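Engineer: Sequence:
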Amino acid sequence: MMLATAEHHGVVSTTLTTFISLLAFATVVGVFAKFVKVPYTIALVLAGLLVAILGAAPGGVVITQELIIVLLLPPLLFQAGLHLDLELLQKKAVPVAILAIPGVLVSTVLVAVAIRPFLGDQAWLPALLFGAMLAPTDPISVLATLKTAKAPSRLKTLIEGESLFNDGTGVVLFLILLAAVFPTGDHESSLSIVDGVMQFIKVAGLG
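If you want our numbering, it's the 1-based position in the sequence shown plus 1429.
By construction, these hints were calculated from the structure, which means they are not laboratory data. On a predicted model such as this, the values are computed, not experimentally measured, just so you know. The beta-carbon is built from N, C-alpha and C at its ideal position, and this holds for glycine as well. Please note that a few of the clues may not be correct.
To be verified - Lysine-lysine pairs mimicking DSS-like chemistry, simulated, CA-CA at most 30 Å apart: (1) K1585 x K1521; (2) K1521 x K1579; (3) K1520 x K1576; (4) K1466 x K1585; (5) K1466 x K1579; (6) K1576 x K1466; (7) K1576 x K1521; (8) K1463 x K1585; (9) K1576 x K1463; (10) K1579 x K1463.
Claimed, not checked - Listed next, with one range per pair, are the computed distances between beta-carbon atoms: (11) D1567 x V1465: 17 to 27 Å; (12) V1610 x A1453: 41 to 51 Å; (13) I1449 x V1523: 37 to 47 Å; (14) Q1519 x L1475: 30 to 40 Å; (15) I1471 x A1543: 17 to 27 Å; (16) A1522 x L1479: 40 to 50 Å; (17) G1459 x V1542: 32 to 42 Å; (18) F1448 x D1567: 12 to 22 Å; (19) A1522 x I1449: 37 to 47 Å; (20) M1562 x L1511: 25 to 35 Å; (21) K1463 x D1514: 26 to 36 Å; (22) V1535 x L1515: 18 to 28 Å.
Based on the sequences and whatever the hints tell you, model everything.
Structural biologist: See the structure below:
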């Protein structure tokens, strides 16, 4: 029991240290970006590439999938949704729907066409699966750049609205293609139309 408690405290301490180190690193990059008049998001990307090339994260930080999904991503997504203009989103419902559903499908196909030559002759389904993984766009960096550039609010609302619903399309498409690429022979594992609709509502409507 004491060993488990010690391990738990060790995990919490490591997570807090990582979080504080990332905040400090991002603050330094932000000050530098403002000093050299470079967009903050671009400076972060360049700094991240530099850290990856050097192979040394600040403060011994180890970036894990759980850290990104549980600790870093939710506040960013919440902030984007909190400031969304719902009235303007309703007016842009048609273009948002076009970008979030047919737009994701087209992006999936285009990525598949680009990646297929590297996967062999019989690789359309894996290529489409890879395309479905990349098709749903993440607007956080784009919105930060648009805010810096003082872009029209209608453009920001369009991008934010599309990002709220494209994940639903991407998840449903990914699950369908995943079942096609890795068939199990179990009828219960295949995604029906009803299952697809429910998945879309769950991801796009409920997050």
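Engineer: Would you mind marking each hint as holding or not holding in the structure?
Structural biologist: Comparing the hints with the structure gives:
1. At most 30 Å may separate the alpha-carbon atoms for a hinted pair to count; K1585 and K1521 meet this at roughly 11 Å.
2. With a C-alpha separation of about 20 Å, the suggested pair K1521 and K1579 falls inside the 30 Å cut-off, and the hint holds.
3. Restraint check for K1520 and K1576: the C-alpha separation of about 21 Å stays at or below 30 Å, so the hint holds.
4. With a CA separation close to 22 Å, the supplied pair K1466 and K1585 stays within the 30 Å bound.
5. For the suggested pair K1466 and K1579, the alpha carbons sit about 15 Å apart, so the restraint of at most 30 Å is met.
6. Distance check on the hinted pair: K1576 and K1466 sit about 15 Å apart at the alpha-carbon level, within 30 Å; holds.
7. Restraint check for K1576 and K1521: the C-alpha separation of about 19 Å stays at or below 30 Å, so the hint holds.
8. In summary, the hint linking K1463 to K1585 is supported, as the alpha carbons are separated by about 22 Å, within the 30 Å threshold.
9. Proposed proximity of K1576 and K1463 is supported: the alpha carbons are some 14 Å apart, at most 30 Å.
10. Proximity of K1579 to K1463 is assessed by CA-CA distance (about 16 Å); at most 30 Å being required, the pair is judged to hold.
11. A C-beta distance of roughly 25 Å is found between D1567 and V1465, which places it inside the suggested range of 17 to 27 Å.
12. The hinted window of 41 to 51 Å between V1610 and A1453 holds, with their beta carbons roughly 42 Å apart.
13. With their beta carbons about 45 Å apart, I1449 and V1523 fall inside the hinted range of 37 to 47 Å.
14. The hinted window of 30 to 40 Å between Q1519 and L1475 holds, with their beta carbons roughly 38 Å apart.
15. Distance hint for I1471 and A1543: a CB-CB separation of about 24 Å, consistent with the stated range 17 to 27 Å.
16. A hinted range of 40 to 50 Å holds for the C-beta pair A1522 and L1479, which are about 42 Å apart.
17. Taking 32 to 42 Å as the suggested C-beta distance range, the pair G1459 and V1542 conforms, at roughly 38 Å.
18. Judged by the Cβ atoms, the range 12 to 22 Å given for F1448 and D1567 holds: they are separated by roughly 20 Å.
19. In this structure, A1522 and I1449 meet the distance hint of 37 to 47 Å, their C-beta atoms being roughly 42 Å apart.
20. Checking the proposed 25 to 35 Å range against M1562 and L1511 shows it holds: the Cβ atoms sit about 27 Å from each other.
21. Checked against the given bound of 26 to 36 Å, the beta carbons of K1463 and D1514, roughly 27 Å apart, stay inside it.
22. For V1535 paired with L1515, a C-beta distance near 27 Å keeps the hint of 18 to 28 Å intact.
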